[in-house]
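*Asks:* Chains W, P, U and D supply the protein sequences, listed in that same order. Position 75 of the first sequence, counted from 1, bears residue number 75 in the numbering used here, the numbering being contiguous throughout. Position 262 of the second sequence, counted from 1, bears residue number 262 in the numbering used here, the numbering being contiguous throughout. Position 81 of the third sequence, counted from 1, bears residue number 81 in the numbering used here, the numbering being contiguous throughout. Position 84 of the fourth sequence, counted from 1, bears residue number 84 in the numbering used here, the numbering being contiguous throughout.
By construction, these hints were calculated from the structure, which means they are not laboratory data. As the structure is a computational prediction, the values presented were derived from the model and not from experiment. Each hint should be verified, as a subset may be incorrect.
Because identical chains share one entry, a pair is satisfied inside a single copy or across any pair of copies.
As the list claims (entries may be wrong) - 30 Å max Cα-Cα, derived DSS-like pairs, lysine-lysine:
no.	residue 1	residue 2
1	K297	K148
2	K115	K232
3	K221	K115
4	K232	K148
5	K148	K115
6	K297	K221
7	K115	K219
8	K297	K219
9	K232	K297
These are the residues of each chain, in order.
There are 4 protein chains.
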Amino acid sequence: MAIHHFQPTHYHTAIGSHPPVLHIASGDTVVTTTVDAAGKDTTNTAVTPRGNPQTGPFYIDGTDPGDTLVVVLDRITPNRSVGFTRSVVAPNVVDPAFVRELPDRGLVDWRVDNKSGTATLLEEGTRLGGLTIPLAPMLGCFGVAPSKGQAISTETSAEHGGNMDYRGFIAGVTVFFPVFVPGALLHVGDGHATQGDGEIVGTGIEISMEVQFTVRLIKAKRIRWPRGENDKYIFTVGNARPLDQAVQHATTEMLRWLGEDYGLDTVSASILLGQCVEYDLGNIFDPAYTMVCKLPKVLLPTPETIEGS
Amino acid sequence: MAIHHFQPTHYHTAIGSHPPVLHIASGDTVVTTTVDAAGKDTTNTAVTPRGNPQTGPFYIDGTDPGDTLVVVLDRITPNRSVGFTRSVVAPNVVDPAFVRELPDRGLVDWRVDNKSGTATLLEEGTRLGGLTIPLAPMLGCFGVAPSKGQAISTETSAEHGGNMDYRGFIAGVTVFFPVFVPGALLHVGDGHATQGDGEIVGTGIEISMEVQFTVRLIKAKRIRWPRGENDKYIFTVGNARPLDQAVQHATTEMLRWLGEDYGLDTVSASILLGQCVEYDLGNIFDPAYTMVCKLPKVLLPTPETIEGS
Amino acid sequence: MAIHHFQPTHYHTAIGSHPPVLHIASGDTVVTTTVDAAGKDTTNTAVTPRGNPQTGPFYIDGTDPGDTLVVVLDRITPNRSVGFTRSVVAPNVVDPAFVRELPDRGLVDWRVDNKSGTATLLEEGTRLGGLTIPLAPMLGCFGVAPSKGQAISTETSAEHGGNMDYRGFIAGVTVFFPVFVPGALLHVGDGHATQGDGEIVGTGIEISMEVQFTVRLIKAKRIRWPRGENDKYIFTVGNARPLDQAVQHATTEMLRWLGEDYGLDTVSASILLGQCVEYDLGNIFDPAYTMVCKLPKVLLPTPETIEGS
Amino acid sequence: MAIHHFQPTHYHTAIGSHPPVLHIASGDTVVTTTVDAAGKDTTNTAVTPRGNPQTGPFYIDGTDPGDTLVVVLDRITPNRSVGFTRSVVAPNVVDPAFVRELPDRGLVDWRVDNKSGTATLLEEGTRLGGLTIPLAPMLGCFGVAPSKGQAISTETSAEHGGNMDYRGFIAGVTVFFPVFVPGALLHVGDGHATQGDGEIVGTGIEISMEVQFTVRLIKAKRIRWPRGENDKYIFTVGNARPLDQAVQHATTEMLRWLGEDYGLDTVSASILLGQCVEYDLGNIFDPAYTMVCKLPKVLLPTPETIEGS
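Bound conformation, chain W alone (with noise of 0.2 Å):
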């Protein structure tokens, strides 16, 4: 249950087996630093090269191939007063013929004010004025290292996570990661301090950030896709092109989930999931887009229901 604070030397642009930063133990807290995506850190310093850059990874003790890796996001707070987004919605996300009308247009930026829990639009010249709009502090890339000795872009993601861009991943949130290397070996970065569904601009509000997470370890425990917890639900995220595979992967996941853990099999679960699934859209930007599905715990079985039918 040790907290330790850790202030990043270096950073990884793929999730990977790189050599661990720190060994921590199940239960242990980390506070640490990210860069934004440009590889800028608090004072607005380019530190290592653009591309989601990671901090870690962090090596868990005791943890092997086929556990769960249990990751609280306890607290996600941007540590400087300027973050970016782009300003054309990505060509993807447009019709095909409609690419033409989209302006060549940089960056611009936005005042992040932790105090007023808002961003307000810094540029001049568009129609939006000072627009001002809330923080949600989040994780766009974030993840463990993955199967094969692979080493995957942070541009992208898959089963271990990377970059998801799902605006859900606040603080608050727990996330479940399948445990492919000993030690896990975690990566955390890219933090938006608000983005909207999609990432359809190709970024959130990208400022650096302080994080501060909490793990734990679930032995023996195999999932196939990261898992998610907030308050009001529990989530499953597919990652992958066209989204329509995202669906899937998501959607098989939590079948999987609510037979595992909850006693439903495939037509319980069916029968719940038709009439009361949500789905978020993480992103439609990345090389693999992200979607998410999720079921409010309220529906979950008790176990009395579950003993009870």
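Position chains P, U and D relative to chain W; hints supplied.
*Replies:* What follows is chains P, U and D alone, placed relative to chain W:
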């Protein structure tokens, strides 16, 4: 501003330029009924072949191709006490290799109670017991006659609307359709007492309905895809496979809308959508999938903002 | 075994249950003409609105839903000397970000010479000079009336055929269509003097044609997707988006065919297809894409093989 | 122009920046061996874990990121007499609802005879008898180390090549790879004695090989996707899901190639490709699908044509 009470005597399973059942005027209200997806009416009696049979079409006088038809869904009320759903998720929403694990099971019934506003599973022998969930009555399939003499199956959807199976089409919502033929020729049907995102079992709680709607006309306003508005959001609807293309249609339509009606050039609209857009998954079961692109109304520019920028 | 000479006076841009222009019998041959995609006839005069206008429909006497219609394409001959193509690849066949590099350019003309069997580019000012390529006349869009009272735009394709834009539909090929309505209601149109795979500029060399075809009937034989046969191959056609789904339709239909008509169980058919199947890309331009699954006839089991195993 | 005989002692199931096994020069030839997809060698003995194990990597001296590596496949010869295939088409190549009809069956063996140039099915109990088909030995998986420190699983493919499973990669073909790391780091493996389009059962006839290849370097020539050339065609390779995106990558790369090396502006290249392009389906089984865009060399402009236009 007349109110028409219309009792259908026949139905259509393709949306097209059928002879109109009623001529109405802009501003008029229609109170009518719809049979369920299987062609069963308020007495649960089969009165027409299955396949989302449509009531109508209604001819809106003075409507020409290139106009926009506005349909306010005033009321959608189940008019019998039993609905049905399928009981297994559709093969196309799970990983292909997982399809083998899907049992081949039939329909299950639900008791639908307007007074308590709930639906209760009537099936014995599941792990769900007497699962009771809130009603949220909606129309799964409705739309206007398409262009070029087409008659489009009520199994699918396109620019004209059709079988979008989006849970957001509930009472209180305003829907905008492009008009392709004189009179628009509005069809309505396929009521669901409630439905999860995606309609992943291939049904909502299918039930006959009493439906009241009011039409209005916007002359010489050309839209490309269905649009909508509720208390909190404006939204656009894209229908296609894969989901990626449905997202493209809906997002492009939203960019057009923000440009034409709210004075937002593409960059301004992109900046706003990038951090604030939301997407809903309509259906991922029908031949064309449905994605909905939403923007909170509170973020829309007011005339002052537009002038001031 | 009559030969009918039919000169069309009107055309359809949706394939549906239109009044037949001619009743013919199984075994009969029809000699007729088709206008080009733009509605222009043998004199290059516009005689009907654009959009792959169809000649027909032809009612084949004695044909019922659940039968298979066999259409032998006896002859497809350009009947004028100038055709046209688009001059820029379609936005949907290049990377989304590359669309901005596509110029907005119009049509180019080609001289079509049946004697030499060639088409020659007439456009000045390209880097191609007077590019001359072989003719391979084909039908881009043809098919039978679909089910359920549908009328399907000639822009797209489905189980009934339609705008498949497959370069394999040349003279000498036999095509099999599922029959959905009494009389089958065969439509033909959209001749191309030649076309590349995928129809990636959105056109072949569009030209009016003289077309001769012979029909035959297989009673009570239900197929799901168009099938075909030429000297070397049997093939099946899948129409859908994305291409992945078109492959699924075509492959599934081939497995059914090999099972029903050649006695190959799924494992035997899989082993054979796995190492010997070929696929052609029909179109990747239209609303539904087309993939063709082919098996060399030389590999088909003979009755002896079937008995002997 | 040295000839290197290299006998591998270890293999990789991810293509990445592993320590090179051999340094070679531009112009050199390598004669080596590959194990089959299951890790079995010329004696059919498992010598390394399964999953398309790769021989190499080979470091080509003087090669830098931004160069193009040219690999001539001189010879690909099965070096044992038995190969294997799967016996059921993959779930993702048939309609989702049809998956339930796919039996769960294992591998089948084939006798591979280099003298007669044939493979003969050894399985009893199918309807195929002793099916004998021609050999067409190819490499399923080969490529160069990717950028950014990635190590990409040999199950999949991307810009660096990898598991493309394209039956066109036979002896006599020249392949061009973009270079991402110093030395390029060429890997080769996954030989198939033959394979159908699409690798729809998930295997070709998997077998160990003797492979001879010759490398060459084009300095400071940046390509984006693998390219190739054989006697009749130049071709480009796109790897992605869905197939639509693979087509986009391959077509865009072909447009770039025709522009850079053959002087064809986008309009000229479009006109030519529109009527003359061909596509091959590489694989529709692996995580990334493969489509190949081909143009007959006879249609390529000669220098005279380019000057004269």
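*Asks:* All hints, please: hold or fail.
*Replies:* Verification of the hints:
1. K297 to K148: neither (35 Å within a copy, 40 Å between copies)
2. K115 to K232: For K115 and K232, both the intra-copy (26 Å) and inter-copy (27 Å) Cα distances are at most 30 Å.
3. K221 to K115: neither (41 Å within a copy, 45 Å between copies)
4. K232 to K148: neither (35 Å within a copy, 38 Å between copies)
5. K148 to K115: neither (45 Å within a copy, 38 Å between copies)
6. K297 to K221: within (21 Å within a copy, 44 Å between copies)
7. K115 to K219: Neither: 40 Å inside a copy, 48 Å across copies.
8. K297 to K219: within (24 Å within a copy, 47 Å between copies)
9. K232 to K297: For K232 and K297, both the intra-copy (6 Å) and inter-copy (25 Å) Cα distances are at most 30 Å.
Of the numbered hints listed earlier, those contradicted by the structure are 1, 3, 4, 5 and 7.
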